[in-house]
Every structure is written in structure tokens, then in C-alpha cells.
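J.: Sequences and hints are given; from them, build the entire structure.
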Amino acid sequence: MKGEDILKIEHVSFRYEKENVLEDITFSVPKGAFVGLVGPNGSGKSTLLKCILGLLKPQKGHIYLFGTRVSSFKDWHRIGFVSQKANSFNTGFPATVYEVVASGLTAKLGLFRFFTSKEKQAVLEAIEAVGMSKFRHQNIGELSGGQQQRVFIARAIVSKPELLILDEPTVGVDVHHVQNFYAMLDELNRHLGITLLLVTHDIGTITEKVTHVACLNKHLYFHGKAEEFAELQEKELSHFYGHPLYVLSHQH
1 MKGEDILKIE HVSFRYEKEN VLEDITFSVP KGAFVGLVGP NGSGKSTLLK CILGLLKPQK
61 GHIYLFGTRV SSFKDWHRIG FVSQKANSFN TGFPATVYEV VASGLTAKLG LFRFFTSKEK
121 QAVLEAIEAV GMSKFRHQNI GELSGGQQQR VFIARAIVSK PELLILDEPT VGVDVHHVQN
181 FYAMLDELNR HLGITLLLVT HDIGTITEKV THVACLNKHL YFHGKAEEFA ELQEKELSHF
241 YGHPLYVLSH QH
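According to the UniProt record's numbering, the sequence shown is numbered sequentially starting from 1.
Don't take every hint at face value.
With a straight-line cut-off of 25 Å between C-alpha atoms, the simulated BS3-like cross-links for lysine-lysine are [stated by the list, open to error]:
no.	residue 1	residue 2
1	Lys-8	Lys-31
2	Lys-57	Lys-218
3	Lys-225	Lys-31
Treat the hints as calculated values from the structure; they're not laboratory data. Note that the coordinates shown come from a computational prediction; the quantities given were computed from them, not determined experimentally.
T.: If you want it as C-alpha cells, here you go:
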């Protein structure tokens, strides 16, 4: 049901040896939300993602996915993940867009089996959802960085996850195509109903695109609706980030 928390983070703290990286982090991601997670380099964003994905275990606190503690969570097909370096994929590998996206089904279906017509249709739908249908027979290595990133998002959504986590997805995307890229994410959220958690440095864009913002710098400095975040003064944001910050809008 709408409003249900898909992700809940409760009083999470994490440290590497003696260095505190996350301190008492608490926030949630409701079903249907498009949440932007922002913060400077070294703020703990990547560490928090690893805790959410069960790759690291917090020293304190708990994380719940769909109401289940991460340590006991088994339904990973309900979550899609696109890493910051998704486009460091070996693009010389002889695989078409269709084949790369289809590989997103192997974790769910097994490596050595034939796809049914329904599964083939799911691949085509995922490719269409990211606007790459006309490239489906093209080799992945022949595409631009932004096009490759769209393909990796299609691979992440082909198994129809309910939550999609993206770590700096505009890395490698040409600046002129960033707006189209965010419009595509907005389409996934609004029309396919996928809940999104987006890690980004692009504050100007997220205040226009996301529904909620979490601002992290070891502590959680802000969590709320995007319009509330947009009303924060640059002076306040500079305090969050620890250095002067100027917010640029991308609206035309």
C-alpha cells in the first residue's frame, strides 16, 4: 500500500577501525518515493549503501527492507542496484544491448536456461523503458557513456524490482544529456511505480526531480520533502557540507 516504508534505517552507526563514518542515522523511504541522498565526498553515502545492501554490518542500529532486517532478507530480486562504476563494464565484451539487459534475469532464473517468450518480452520492455529500443541489437561498446548507463539501468529493472538504488548514475553521462537522463528516472518512478533511492552530488537537479531529500555528512543533517530542502538557504547547506556551496538550478 502507498505510504508503506520500503526501506527503514534506525539509529545506524558504522566505523572503520577508529574512524566514525556514520553516526546515528535514521530515515525511511516510503513506497513510491523518489529520494535523493546527497552529501560531500567522504560523507558516508557509499558506506550507507553497502549497509543497505548487506555488504557491511553496522556496529549499531538496524536496517529493514520491506519490513525485514537486512541480515535476514532473502528477496533480493525485489531490489535493483546500479553502481557508480556500472559503465566500467568491459565494453569490449561482444554483447549486444539485448544480451546485457537479459543478463539481469540470470540471478533470478539461473544461468543455464532458455528464456520464455514472457521473459524475452520483459527484456524488450526494460529496454523500451530507458529509451534504448532502437539500439537493442547494437554492441554495448559502441554506445556513449550515457547510453551505456541507460542499458545498465534496464538490466537492473528487467526483473521488475520494487526499489531501485542508483549510486551517482550520471557519472559518464554527457552534461547535455543529464536532463533527459533524470527525466527517464522520473518516468520509471511515476509510470512504472518503482521506488528510487538516488545518490548524487547534483543538488540543483534533485530539488526539481525527487520527492524527498536526505542530506548526509556522517550525521543526517536533513531529511524531508524536496520542496522543504529547496527552501534551505545556501548558508545552511554550506554548513551541512563543511564548505561554501552555491546551488544552481538546471531549469531552462
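J.: With the threshold set at 25 Å, check whether the alpha-carbon distance from Lys-57 to Lys-218 stays at or below it.
T.: 16 Å, holds
J.: Given the proposed pairing of Lys-225 with Lys-31, does the C-alpha separation stay at or below 25 Å?
T.: 14 Å, holds
J.: Does the structure keep Lys-8 and Lys-31 at a Cα separation of 25 Å or less?
T.: 11 Å, holds
Against the hints set out earlier in the document, no violation occurs for any number.
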